[in-house]
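So you can see what is in the structure, the chains are spelled out below.
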Amino acid sequence: GENVEQHPSTLSVQEGDSAVIKCTYSDSASNYFPWYKQELGKRPQLIIDIRSNVGEKKDQRIAVTLNKTAKHFSLHITETQPEDSAVYFCAAPSPFTGGGNKLTFGTGTQLKVEL
Amino acid sequence: DARVTQTPRHKVTEMGQEVTMRCQPILGHNTVFWYRQTMMQGLELLAYFRNRAPLDDSGMPKDRFSAEMPDATLATLKIQPSEPRDSAVYFCASGLPRTGNTEAFFGQGTRLTVV
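Going down the list, the sequences are from chains P and V.
Take the first sequence: its letter number 45 is residue 141 in the numbering used here, and every next letter is one higher.
Take the second sequence: its letter number 28 is residue 40 in the numbering used here, and every next letter is one higher.
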C-alpha cells in the first residue's frame with residue numbers, strides 16, 4: 097500500500113513570509129495528490145490538488161509542485177497571513193483490493209503564522 | 013453549498029455502551045469513507061463504501077466496529093461495546109471518483125469520548 101511521509105511536523109513563520117511543506121510517497125502508480133487544511137476543531141478541507149500530468153499548479157497564494165521521478169510533492173504558501181495557521185495534510189491514493197482508491201494521509205504539519 | 017452532514021457532533025458515553033454515528037453524504041456522491049483522527053495516529057481509514065457496498069474495512073477492528081449504508085443517503089458507524097481507546101474524532105467523507113483522482117469531502121466529524 098501507499099506510504100506517505102510529511103515534513104516538517106511543525107512550522108512557524110512570520111506573517112508575510114513563505115511556508116513550504118513537503119511530502120513523499122511510495123507508490124509510483126499514484127496520480128493524484130491533494131492537500132487539506134484543517135483549522136482547530138473543524139473538518140479537513142481540500143485546498144488544492146495536482147494530477148500527475150502536470151508539475152505545478154497555483155491558486156492565488158498557494159501552489160503545489162510535483163516531482164514524479166523523486167516521488168515527492170510540496171505545498172507552497174506565499175505571503176502568509178494569520179488565517180493560514182492550521183494543520184495541513186497531504187495525501188496520495190492507493191488502490192483497494194476490491195477496486196477504487198483510498199487516500200492515505202500524511203501525519204500533518206502544524207503551521208503557525210506569527211504576527 | 014452541498015456538505016457532508018454528521019450526527020451527533022459530540023458524544024460522551026460510558027465504557028461498554030453502544031455508540032452509533034451517522035453520516036449523510038453529499039447528494040450524488042457514490043463513495044463514502046469513514047476516518048478516525050487521533051493525535052497519535054493521525055487520520056486512519058476505517059471503511060470505504062462504493063455504491064453502498066463495503067469495499068474495504070480492513071482498518072476497522074471487526075470485533076467491535078461495524079459500518080453500513082442502509083441507503084444512498086445514510087452511512088452508519090457503530091461501536092459495540094465502546095472502550096476508552098475509541099475516544100477520537102470520527103470523520104465521514106464522500107466523493108465522486110473520476111479517472112485519476114479520489115476526491116474526499118469531509119463532514120464536521122463526531123467527537124467521541126468514552127469514559
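Bear in mind the hints are in silico, worked out from the structure with no lab data behind them.
Note that the structure is predicted; figures quoted are calculated from it, not measured.
Don't take every hint at face value.
The calculated label-pair distances, taken between Cβ atoms and stated as ranges, are [stated by the list, open to error]: (1) P:E152 - V:G28: 22 to 32 Å; (2) V:D75 - P:Q110: 47 to 57 Å; (3) V:R64 - P:Q110: 41 to 51 Å; (4) V:E95 - P:N163: 35 to 45 Å; (5) V:E26 - P:T174: 23 to 33 Å; (6) P:V116 - V:T50: 18 to 28 Å; (7) P:S105 - V:P96: 22 to 32 Å; (8) V:E30 - P:E175: 42 to 52 Å; (9) V:E26 - P:R157: 42 to 52 Å; (10) V:T125 - P:S105: 18 to 28 Å; (11) V:E26 - P:D155: 39 to 49 Å; (12) P:Q141 - V:R97: 37 to 47 Å.
By construction, the Cβ of each residue, glycine as well, lies at the ideal position given by its N, Cα and C atoms.
(message) Is 18 to 28 Å respected by the C-beta to C-beta distance linking T125 (chain V) and S105 (chain P)?
(response) 25 Å, holds
(request) Could you tell me whether the CB distance from E30 (chain V) to E175 (chain P) stays inside 42 to 52 Å? (result) About 50 Å separates the Cβ atoms of E30 (chain V) and E175 (chain P), which means 42 to 52 Å holds.
(message) Given a hint of 39 to 49 Å, does the C-beta separation of E26 (chain V) and D155 (chain P) actually sit inside it?
(response) 46 Å, holds
(message) Taking 47 to 57 Å as the stated bounds, is the beta-carbon spacing between D75 (chain V) and Q110 (chain P) within them?
(response) 50 Å, holds
(request) Note whether the CB distance of E95 (chain V) and N163 (chain P) lies within 35 to 45 Å or breaks it. (result) 43 Å, holds
(request) Hint says 23 to 33 Å; check whether the CB-CB distance for E26 (chain V) and T174 (chain P) agrees. (result) 49 Å, violated
(message) Holds or violated: the 22 to 32 Å window for the beta-carbon distance between S105 (chain P) and P96 (chain V)?
(response) Roughly 26 Å apart at Cβ, these two residues keep to the hinted range, so it holds.
(request) Take a look at whether the Cβ-Cβ distance between Q141 (chain P) and R97 (chain V) falls inside 37 to 47 Å. (result) 28 Å, violated
(request) Could you see if the CB distance from V116 (chain P) to T50 (chain V) stays within 18 to 28 Å? (result) Between V116 (chain P) and T50 (chain V), where Cβ atoms are some 27 Å apart, the hint holds.
(request) Note whether the CB distance of R64 (chain V) and Q110 (chain P) lies within 41 to 51 Å or breaks it. (result) Once the Cβ atoms are compared, 49 Å apart, the range 41 to 51 Å for Q110 (chain P) and R64 (chain V) holds.
(message) Please check whether E152 (chain P) and G28 (chain V) have a Cβ separation lying inside 22 to 32 Å.
(response) 52 Å, violated
(request) Could you check the hint for me, namely that E26 (chain V) and R157 (chain P) are 42 to 52 Å apart, CB to CB? (result) Given a distance of about 47 Å, which is inside 42 to 52 Å, the answer is holds.
When the structure is compared with the earlier hints, violations turn up for hints 1, 5 and 12 and for no others.
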